[in-house]
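Trainee: Each chain, letter by letter, is given below.
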Amino acid sequence: MRILVCIKQVPDSTVRVKVGADGKSVATDGITWAISPYDEYAMELALERKDADPSTVVSVVTVGPSRSRDALRQALAMGADDATLVTGAAAEAAGGIALGSALATVVREIGPDVVLVGRQASDDEQGLVGAALAHALGWPLLTNVERWTGDEIWRATEGGHEVWKATGPAVLSVQRSEKEPRYPSLPGIMKAKKKEIPEKDLASLDGGAAPSPSVVAMEPPPARGGGKIFKEGDVKQHAAAIAKALRDEAKVL
Amino acid sequence: MNVLVIVEKKDGEPRRVSLEIAAKAEELGTVTAVDVGGDRLDPGAAASALAERAKAADLVLVGATPFGRDLAARLAAALGRVYASEVADLEAEGDGLVAVRTMYAGKVRATVRLPLPAVASVRANAFPLPEGGAPPKTETVHAGGAQKGVEFVRFEAAKESGGRVPLTEARAIVSAGRGLKGPENWKMIEELADVLGAAIGASRAVTDAGWRPNEEQVGQTGKTVTPDLYVALGISGAIQHLAGMSGSKVIVAVNKDPDADIFKIADYGVVGDLFEFVPAFTEELKKVKKGA
Ligand SMILES: Cc1cc2nc3c(=O)[nH]c(=O)nc-3n(C[C@H](O)[C@H](O)[C@H](O)COP(=O)(O)OP(=O)(O)OC[C@H]3O[C@@H](n4cnc5c(N)ncnc54)[C@H](O)[C@@H]3O)c2cc1C
Ligand SMILES: Nc1ncnc2c1ncn2[C@@H]1O[C@H](COP(=O)(O)O)[C@@H](O)[C@H]1O
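Respectively, the protein sequence lines represent chains A and B.
Okay, so the first sequence: first residue is 1 according to our numbering, each after it adds one.
Okay, so the second sequence: first residue is 1 according to our numbering, each after it adds one.
Heads up, none of these hints are tricks.
Stretch by stretch, here's where chain A covers chain B in the computed footprint (C-beta under 8 Å, at least three residues):
no.	stretch
1	37-48
2	70-80
3	100-114
No lab work stands behind these hints: they were computed from the structure.
Backbone N, C-alpha and C fix where the C-beta goes; we use that ideal spot for every residue, glycine too.
From just these sequences and the hints, can you work out the full model?
Mentor: In structure tokens form, the structure reads like this:
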């Protein structure tokens, strides 16, 4: 079996993101980059298939600026077999639908049986690329995938889990893996360093023009804090005071 | 503008978020409301069934429930439309719309322009529910079966979530972290949640440890929630947890560590032992709710 995992490089989850000078993008200086969290889960699910059957080939692809090569290197170090970087002037600004069609071209070239994406990229938080890719390929899409054994695909739904089965190629959008995504091993890192990462020009893929939302302004979320914090004294009395305040002051009861 | 509102039903009733967006849609233009019939719907099949209707609309609005988000992205992809997910505000502007949504794991609030035609999924509690307003008249679109290429095998119900409001739509949430010490201590959390009519949330430390089901996780890799009241008990306030809940209207935090980051975003906080706080708080809330 061949699995392709689509990953995106995003600011690491611990980075304190700041709005840039233009007021409509984030300041990228000093940012530590990482694989988007849900894509790490997708990597883990793919690598578990490979653990179960070593003949499985796990490929990764990203569309992004040249720094995205580090995310691919990380994925190789985790255990992926090969990686493809799709880059070019439009790579950073491409919208979800255009990315879906561009990735579909890569899928046709690589020929995987299953494609994994993350539930959403932690930068744009759209959750669109998987749907766009599945549509461009004419493949079914299962979302919120949380477990993937040989023939069972588990989806998290409200109130429980749905178990599905794919009868042909499919796109799976991953919500989590049971195990934490693995860390690269030392031999993995050494091996990854030696691997070639071929590059493709985004403009040469069938991305096409697709409309997408344009950001007109960005700001930090409304400031919070300055709350009433009871630092000492009788906890039970504070509980009473807060219960009353929720009704009379905050009016949320 | 022609607005298509997709109403999601739960136990036969329209979900609150669907009513919220239907009311908002009335402000924006001429509304058509449809609901998709069928139990345990496949969002792929639902998207196919709705595509023709959606094509005729300038704007398609769907509540950002797990089902709704999935459906909305598929409709946008199938019709090649501008899409914005988890919108927290929406206004007409010129010949398009402007929407407010969070990006970068909740660390940025972005205003985005959506040229029409567009599709948006909208967060619960983004728009008020008009008092006494009649629910929209909906036409049912039938969406049976599944997408081609996949087959539904079975459903496994989660034991723990019985009867509570879904997290993403809850007006109140009681959320607990590693400070609870073990799964056996959730009885008092449930009692508190019962008094508040609240959903139960958890930190990832708790879901990872298997103390609570994954679907209760709040945060960057869990649910994003926007209740009126969020009570955080024994949660340190890691940046990834805050990503999912700092949009709550009022936050109450209890932690024995005075330096816990959760206090930086709390409206009310107690530095102290949650095992002492929770039973007392539950009793006080009962009194206060009775009008004391
Ligand atoms: C990529 C990534 C994604 C992540 N996504 C999420 C996510 O979606 N959601 C999430 O929650 N986390 C997420 N995390 C994990 C996050 O970083 C924290 O590890 C986690 O939130 C900690 O959970 P906690 O607050 O319950 O535990 P801890 O940090 O261990 O905090 C427990 C708190 O309980 C307090 N306490 C202990 N005993 C008592 C008592 N008797 N009374 C009162 N207070 C007490 C302690 O003072 C402490 O502050 C993510 C991490 C990464 C790297
Ligand atoms: N530039 C990209 N390159 C490769 N995969 C991507 C890219 N952007 C998004 N994806 C994949 O699509 C998922 C959803 O992204 P999004 O629709 O942007 O929220 C991500 O988790 C990735 O798996």
